[in-house]
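Sequence order for the protein chains is A and G. The first sequence lines up with residues 13 to 607 when you count with the working numbering. The second sequence lines up with residues 2 to 586 when you count with the working numbering.
I should point out that these hints are in silico values taken from the structure, not numbers from a laboratory. You may find that some hints are simply not true.
[Claimed, not checked] Okay, the calculated bits of chain A under chain G, using three or more residues with CB under 8 Å as the criterion:
#1 101-111
#2 213-223
#3 352-363
[Unchecked claim] Computed from the model, here is a short list of chain A residues facing chain G with C-beta under 10 Å:
#4 C63
#5 F66
#6 R429
#7 I478
Don't be surprised by glycine CBs; every beta carbon is placed ideally from N, CA and C.
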Amino acid sequence: MRFISQSSKFGNAAVCTQALLIYAWLTNLQGTDSYDSVYILCAVVGLFCLCRNFRHRAVPGPRTRIGLGLLAGVFSLAVVMANYALFLPVRALESWFNAGLCLLGGYCLGYHILLCGVTALPLAPAEDPACRQHPGRVFWGCFAAVSTVYLLYLFFAAYPGYLSTDSINSLRQIESGEYVNSNPFWYTMVIRACLQAGMALFGEINAAVAVYSTVQILFLAACFAYSLVTLYQMGIGRWWIAAVFGIYAFLPYHLAYSVTMWKDIPFSACVLLWTASLYRIFMGIGRCRRRDYIVFALGGLGVCLMRTNGWFAFLTAGVILWLPLRKRFPDVLKIMGVLVLVCWILINPVQWVLDVEQTDFVEGLALPFQQVARVVWQERPISEADTRMLEEVFHLDRVSELYQPEIVDPIKFEAVRSDGRAHLKENLWDYFCLWLRLGLQYPGDYFQAWVELTKGFWNGGYAFWIYFAWTWPESSGIGGFELDNPVKDGFDALFRYLEKPAVFQPLFSIGLHTWLVVSCCFICAAGKRREGLMMVLVLVILAGLWVGTPVYAEYRYAYPMFTTYPLILLATVFQPGLKKPPCRDSLEEVYDPKR
Amino acid sequence: MIQSAENRKRLRVFLEGLFIYTWLTNLAQTDAYFSVYVLCAAAGVLCLCGNYRHASELSSGTRAWLLVWGGVFSLAVVLANYPLFSPITALMSLFNAGCTFLGGMAVGYHCLAFLARRLPLASDPAPRNRPGRVFLGVFAAVALIDLMYLYFAAYPGTLTRDSISTLEQIAAGDYNNTMPFWHTMTVRVFFQLGMGLFDDANQAAALFHTFQIFFLAACFAYGVTTLYQAGVPKPFLAGVFCVYALMPYNIAYSVTMWKDVLFAGAALLFVTALFRVLRGIGAERRNLAVLALGGIGFSLWRTNGWYAFLVTTLVMAFVLGKRCPKMVRIMAVIVLACWVLLNPLLNVLGVEGTDLIEAFSVPFQQLARVISEDRPLTQEENDLLSQAFLMERVKELYDPNTVDPIKFQAFRHDNRDYVERNLGQYAALYLRLGLKYPGDYLKAWIDETKGYWNGGYDYWIYSKEVDMNDLGIVYVGGDSFVSRIYDAWFRYLEKPAILQPLYSIGLHVWVLAACAVLLAVKRRREALLTLPPLVIAAGLWLGSPVYAEFRYAYPIFLCLPLILGAALFGPDFEAGFGQNRGKPE
């Protein structure tokens, strides 16, 4: 790659060859079941970057080049794997040829985009951070604007908020006083506090739910405003800040999620708080360091408590951060250590004392269930002993009927025998061995099962539901309001015009945002910039989805990434203090055209 | 100031890139070849980047022409994909169509602006002294490949319904001009010679195909040799040779008894000879002789060929009347002679003329669409239409992509006299309905002709069969090793989506039109080379009976490599040859 990008003799031919490979990549992906638009966007950006790298003779260092090659290869492989159905039958020469071209094209694309990122970034922000003197005003302004939009949406278009079966389940627990940790207990407690306050104030369940929605809106708006004010204090250009504000305030999923009673929303907001505060601490943004540490701790607390797997993700992030931060930012690690300990106590001993039923351990076995189910569904020969073992846990005939490659729920809820879970728990090691045995026997099926179940989180984007814009079941006595007003019409039109056109699909693509965050992390790492470390928590959460999601493209699971990516992206693109252009007021003096 | 200008430029490039992305995204669900759009978009982005720092190198006049080109190109794409932007009254459809149009315009403009800046490329300065060897080499190679295909894989060649109809006319001695009479005569010479020599219909058919193979091989060799003599670099020459010798459609057509094949060969001969005359390559007298031969074939071997040649001659007379009077005179003589051969002589020989309704494909299709859409018609309109069409059958049979069901099954052939007597009334009715339902007319035209001006469509290209006949010709084909190699070769070149652009009529027409625009804005006389194939394409835009019939556009496929070579590489004044030696144009 270095040879062809540098050689003047073969330069044009190299650009043409690589452009042709990118053309072959995009052409071979026609007929994909994921969003075409995401691939098209990548190809267009890739071609721009190819030209830019060629013109600037961009050459990375040897280590960076290895990293670039690896990541580009992984990107390309991800796309080919997720679209394996396009390259079947795998024995045909033509399939190999197409897959090979696709791999090469994807590699060129990934390589050039990343190379462009590594060599062109970071840029200097529009202004020196010192010029940004009014963070308070910006914070409150953004907070007020975002919360006004969300509140308008709540009271005119979505009253009293959206509740799915999960939300109703939380409400039933609160009603009965019998708590289960499948919806995190501490999150249920937050709902409980809001509902009790609402009932005390208004004496009506819908109003109480609306109180919860309002609290969530205010919290989310505060988190977004915190992110925006961080960008402001970095010295980022006003248009960029306006764009991020537009994303937070007007993208349909943020609006809909702000009024949806799901654990994922406060969890994602806490991830944003944690990430933004860590960035501020790293870069020394703002004057009050103590406040950043407090926000950091609050964010961490929310991360650990608001989702069942949050504590594990937080612990993993802490372990990863320990080495790079142990000398320069020991306070960060101390706070994280304390949080891990406190939250463990809150999640375990306290809940034992309070007699809260723990999460069903089968929840963590989504992928193995799906892999075994695929082997059964494909009617592969299984030994008698193994069949007997499987029959102890599953209704095998139901497995063949119910298996859906993209979701494990039918298997988990309808094909597992009533006593199967207990049996599985008792014989966990034997079943682990069985799982391994079948995997070695049918690696193709295991691989396909994994691809189908997780591809939404690492490839392109898929047309899958994003938010739940009603209350269900309606018999719960909540919702059922027929709202009909111009504000609602306005929001409906906004949703329609942003969700329907294919050109906006990338805004809703989990995979594209995953690639974006991973790329940002790589670019920061290649530039030895510590900003990359703030992405650790988001990446850990994403990696969790790559190994164990129950649904292939469940948007809310990836929502932490959508709350944090604007900050991550801009923190990668711009580096405060890189160059200090004069404040806007004195620009004319410095750039006097007569000089 | 400087910084803000640079920022504006960056913003413009960013927006243009965004529009190109929108263009491609909105076209992702097209029924045309998506790969063609991807190729155009990729070229567009590369050229956009290439033009980034050189936008001011083109004059404002050139930029204006290129913008017009970009607009036409983009409009063609949007129009051909109109179902993607339906209902057109919806705000979102309008927004999508608008963004798609802007994106297409950016693609079209930047591709041509880039080429306009860079072309012509330098020719190879090395002396090219062996045209004879090149000619013979290419001729032998192409003929060998095609003959092997004929005798080992497709014996005795492909004869479709049209070919059998030609042979049946020869057998019966009863001719009509639906299959051009002079093409039938050409077939007759070889078929009867074959019957005389072998007394076997299969061998007689194979003899005609052998002649056709030699004729095509000679045309291809003439084209390649001309490019060789023009100093075109060797990799490009090798590419042109590969296209002529190895592309499946060229191999398959060389053994297919269709008027379109010889016609396309004649078109290539004519264009090549014209190029030689314009560039002064080789001996003038020989060039003019080949030009005359090509012109005669062009005029006689397809029913509409004479009209295309007439238009070409008129334009030539206008542009080159003073510079090349000899050539224009020859062309005028050919026009006149061929008119005599096609009209008075055929009348004397009692050859039935072409069916009048063959020329009414688009009007038939437009009227059929109005009827099939159940548009309100007045009693008078209904009565008049009922005299020409079986109205219920029209609704049943209307196929947007071909007029054949309407022409053969819904038109009242029993009432043809009535229609011919009242042609004026029908013309008025056609106009009246067009003014009343312009949308239907436009859609009918688009669906009937889009294959010739947009992307490319998955439609049959050639067949490998002998149609049912009483002449004793049976398809033998072949099951040899050679046959299997050809099968594999065809499969691997036809199946992959990335090679679809090689078979796309629309893309070839765009490239042809782009060459015409580029050569015209550069004021290069080679622009005239694009005229014959463009006239053929324009004929298809106005009256094709099928939306993407490859053989109708075959002359474009044969002429394009030569035209592309002429457009990309300028005359080499230093090396010089022929009359133009040392004279810059």
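A quick look at each hint next to the structure:
Here the segment 101-111 of chain A counts 3 residues with a CB under 8 Å from a CB of chain G, which clears the bar of 3, and the coverage holds. Residues of the segment 213-223 of chain A lying with their CB closer than 8 Å to a CB of chain G number 0, which falls below the three-residue condition for coverage. Only residues whose C-beta sits within less than 8 Å of a C-beta in chain G count toward coverage, and the segment 352-363 of chain A has 0 of them, not enough to reach three; the restraint is violated. Interface restraint check: C63 (chain A) against chain G, minimum CB-CB distance 3 Å, threshold 10 Å, status holds.
For F66 (chain A), the suggested interface contact is upheld, since its CB lies about 9 Å from the closest CB of chain G, less than 10 Å. Interface hint at R429 (chain A): violated, since its Cβ lies 45 Å from the closest Cβ of chain G, which is beyond the 10 Å cut-off. Checking I478 (chain A) against chain G by beta carbon gives a least distance of about 19 Å; that is not within 10 Å, so the hint is violated.
In summary, the numbered hints that this structure violates are 2, 3, 6 and 7.
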